[in-house]
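There are 2 protein chains.
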Amino acid sequence: MPAAPLSLVPLPAKLTPREGMFQVTPLTRIQTSPALHGVADLLRRYLRPATGMPLTVVEQAPHSRIAIALDPRLAVGDEGYRLTVTPEEVLLRAPKQSGVIHGLQTLRQLLPPATFRRAFVPGMDWKIPCVDIEDRPRFGWRGSHLDVGRHFMPKDFILKHLELLALHKFNVFHWHLTEDQGWRIEIKKYPKLTEVGAFRSDSMTAPRTRDPALRKFSGKPHGGFYTQDDVREVVRYAADRGITVVPEIEMPGHAMAAIAAYPELGNTGQHLEVLTYWGITEHVLGVGDNVLRFFEDVLEEVLTLFPSPFIHIGGDECPKTEWRESPAAQARMKSEGLRDEDELQSWFIRHFDTWLAQRGRRLVGWDEILEGGLAPGATVMSWRGEAGGIAAAKAGHDVVMAPQQPTYMDHSQSELATEPQGIGGHNSLEDVYRYEPIPAELNADEAKHVLGSQGQVWTEYMPDPKRVEYMAWPRLAALAEVLWSPKDARDWDGFQQRLAAHLERLAVLDVNYHGRWPKPA
Amino acid sequence: MPAAPLSLVPLPAKLTPREGMFQVTPLTRIQTSPALHGVADLLRRYLRPATGMPLTVVEQAPHSRIAIALDPRLAVGDEGYRLTVTPEEVLLRAPKQSGVIHGLQTLRQLLPPATFRRAFVPGMDWKIPCVDIEDRPRFGWRGSHLDVGRHFMPKDFILKHLELLALHKFNVFHWHLTEDQGWRIEIKKYPKLTEVGAFRSDSMTAPRTRDPALRKFSGKPHGGFYTQDDVREVVRYAADRGITVVPEIEMPGHAMAAIAAYPELGNTGQHLEVLTYWGITEHVLGVGDNVLRFFEDVLEEVLTLFPSPFIHIGGDECPKTEWRESPAAQARMKSEGLRDEDELQSWFIRHFDTWLAQRGRRLVGWDEILEGGLAPGATVMSWRGEAGGIAAAKAGHDVVMAPQQPTYMDHSQSELATEPQGIGGHNSLEDVYRYEPIPAELNADEAKHVLGSQGQVWTEYMPDPKRVEYMAWPRLAALAEVLWSPKDARDWDGFQQRLAAHLERLAVLDVNYHGRWPKPA
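Chains A and B are the protein sequences, given in the same order. Here the first sequence is numbered in numbering that gives the first Met the number 0, starting from 0 and rising by one per residue. Here the second sequence is numbered in numbering that gives the first Met the number 0, starting from 0 and rising by one per residue.
In short, the hints are calculated from the structure, not lab data. One or more hints might be untrue.
Repeated chains share a single entry, so a pair holds when one copy, or any two copies, can fit it.
30 Å max Cα-Cα, derived DSSO-like pairs, lysine-lysine [stated by the list, open to error]: (1) K191 x K319; (2) K126 x K187; (3) K188 x K319; (4) K159 x K95; (5) K319 x K393; (6) K159 x K219; (7) K188 x K447.
Take the sequences, apply the hints, and build the full model.
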């Protein structure tokens, strides 16, 4: 059995190699029922360009078939699947469509890397090694976060990234859509959010510094946003690949682009520019009714665009300086009986927790939402280490683990001087691979609150898609295995071997992964 | 009849609107013969993601059919087609496959812009206005040139660009693959061409200057190359869309990346670095037998990758300084009876003209190949104005018009100070639209030697795909119309109106065209 075709990433839960190969030929048909026609077509779109095989979708194929079927009796969970390849047929079954989609990704990886080319590759033998796979994910939240606020990333790249996430069986794309440095989603009721808030005059460049006098700038304007039609396209494209898009609308901090567009959202009424440098600004949202109504309006539109049960409201890095000086904020604290500004932030978050719950959604926020008291329905994204996540899980809240070590992909992949300058810190591929999302401090019941984990890509020092890919890959491939594969199957040596073959696929897909080129690009 | 659906770019040669609409429904089938199965599948891939319609490909559809057929009796030339839309059927016929492909692009443009989305768009009426179109191109060479030497452009972007070219009925992609600043194509026999030649330590940035003391640099390494498998993918992807890829391997100037990899290719044996700044270097290829053999070997591999009848060997901007001082070059001049260094360059080019002709290919080069005597079979690309093209055509040589005014897309699109800094000069959209590729100086017979024209994208000041798109579009849309549509149909006002609707398509395709965003990006 050749090694490369079985270089699956992530590793399936249970894999039994068998004798022989299934050969894809011009007579091979995709057999499916009407309920899975969309998925069958996705498989066809995956395989047809490179193989040139017609792979017609039919209800009943007598021979040489790739059969895709829903089977509610299979006990592999909502996202699991069973894939059996014999010389006569490929049989992919799953209780739910999402399981079938994950199975498709395994099937693609069983074929040669040339399968991933977008035009016909002549002279190939399109063979699938015979195998019996029973597979299901370890965690239900397998996420990739992308900040498009610091640097706008074109829609095209978002779609490419989603296809890569699907290949690695991720099921959450956390789209960080608003920032001090840019508001990236069209809101019909408030057009200035993008007309003004999506563009800035300049951008800070490396090296990182907190000293304003030492900051360097590109000297070039930067901007861009997604229309609501773009967002619908992205959300649907993701859903077709088993991925939920979780939008993040940051509040009450990291909202300076919104304040630049609508100064009445701030605490001072002062006219501000969309921020051109990185860091934490003291300009945050006010706490007046007008601000609550404004962001309710924004979220109304967001809810129509994103079917995700989770809506991320940020909640991190909100300095209280302006609230301390604002009579309106102080009056709000008094009228609501709040002890301090931490409780004021808590009150703010709680308002949207309730508002979202009334609409059947769940609030998720960065671990600062613990300060001043956690909103009753809130899910915590633990980024400042694991402490926030542990505290929240012990208190019975759901948690997504996103600790800076090792899930922050803006940290460099090595300590070599040749790495591009960035935000600082480093998380190696091995660090990510050895990461255990369930903290030792949690007992079995508490551990159930750990939904999973995700990789964070903050783009202060990533001006374009190429750099994002350089930082994200192959670390996201390692994280995929952490989140999908059984804990006891974790094997760093084995992963490195499989990864070597897997990187060929990423190269064919033109992913600018770390290590692809001799020098950083 | 709504205006937008008939906003075709380029304008067809003959268009007669009719009453009514053809509606694409779940019952619509694509009817075709086995010979056109690949094209039918391309149409299906174009339409299925957004419409969600199955659009099954069949041999005979009783009703609601999109029929695609070869019809050798149609007198519309090799690339022409006839498209008839009635409420009952869409009938697309052409004598050759390339005509059918161009007809597909018209058909896509007759549907709503949402057709171009890559995931299902609900709530749409997928209607095609009834129309009778008989169409054929004015010129046989409708090209887009891209320099990937100064800045490497990822394969993904090349594929996207090709899809855009197809949409505008271009049929030539001139891929400028080698430069002083980077060698971008894998050559199996000489691996250092890419191992060394594809990477450089730094890149010059704006503003443009000839003074070494004033040059500014990014401070970042840059590089990348296409494997031969990548090249095959690109060439096949292009061919599937009616586009020939013409490779350019620059000689004897603009070859410093090759000399950096193999110093024996130069005149001095000196070890050189891949160039980090822009301009014309005096370090050019030597004229020894070893150099001829080397580039024959390179071209051997190039010919296996590119079926194009034309092979571009550059030939521009080759200073003679080193040859004047090189004993070997002087000896070559003497042994070949050459009067001066211009004739030495001519001799060099003529060698490859003969070499290519012996292998059934045609040499094309920049207009400097006229200096010192034009090689017998050479086709001239006229870039320093029209003079070179006129002289060559009068001498009976084929010509591709590529004058800096207005076909250089590295010149800015306006004189506004907000344009990104670049190479200098400016060519407005209107300049491009009003361009006439046949110089007034040519009589009718001489004019037949003008194969067509192409837009040049030199990437000194275009570090990434986003900037390339900003410079290239929508000017390439204007050039498409210049090259495809009948001369007497040229109408600047009408074009502007159609373009407004056409830009919606480009926005959906996420093209960063000039004017898309409020500020240059």
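Within a copy, between copies, both or neither: where do K319 and K393 come within 30 Å Cα-Cα? within (28 Å within a copy, 78 Å between copies)
Between copies, within a copy, both or neither: which fits K159 and K219 at Cα up to 30 Å? Classified as both; 26 Å inside a copy, 25 Å across copies.
Identical-chain pair category, K126 with K187, by Cα at 30 Å: between (50 Å within a copy, 27 Å between copies)
Go through the copies and call it for K191 and K319: within, between, both or neither, with a Cα cutoff of 30 Å. Only inside one copy: K191 and K319 sit 26 Å apart there, 58 Å across copies, limit 30 Å.
Could you figure out if K188 and K319 sit no more than 30 Å apart (CA to CA) within one copy, between two copies, both or neither? within (29 Å within a copy, 65 Å between copies)
At most 30 Å between CA atoms: does that hold for K188 and K447 within a copy, between copies, both, or neither? So K188 and K447 fail the 30 Å test inside a copy (40 Å) and across (58 Å) alike.
Between copies, within a copy, both or neither: which fits K159 and K95 at Cα up to 30 Å? within (25 Å within a copy, 34 Å between copies)
The structure is inconsistent with hint 7 alone, although it conforms to all the rest.
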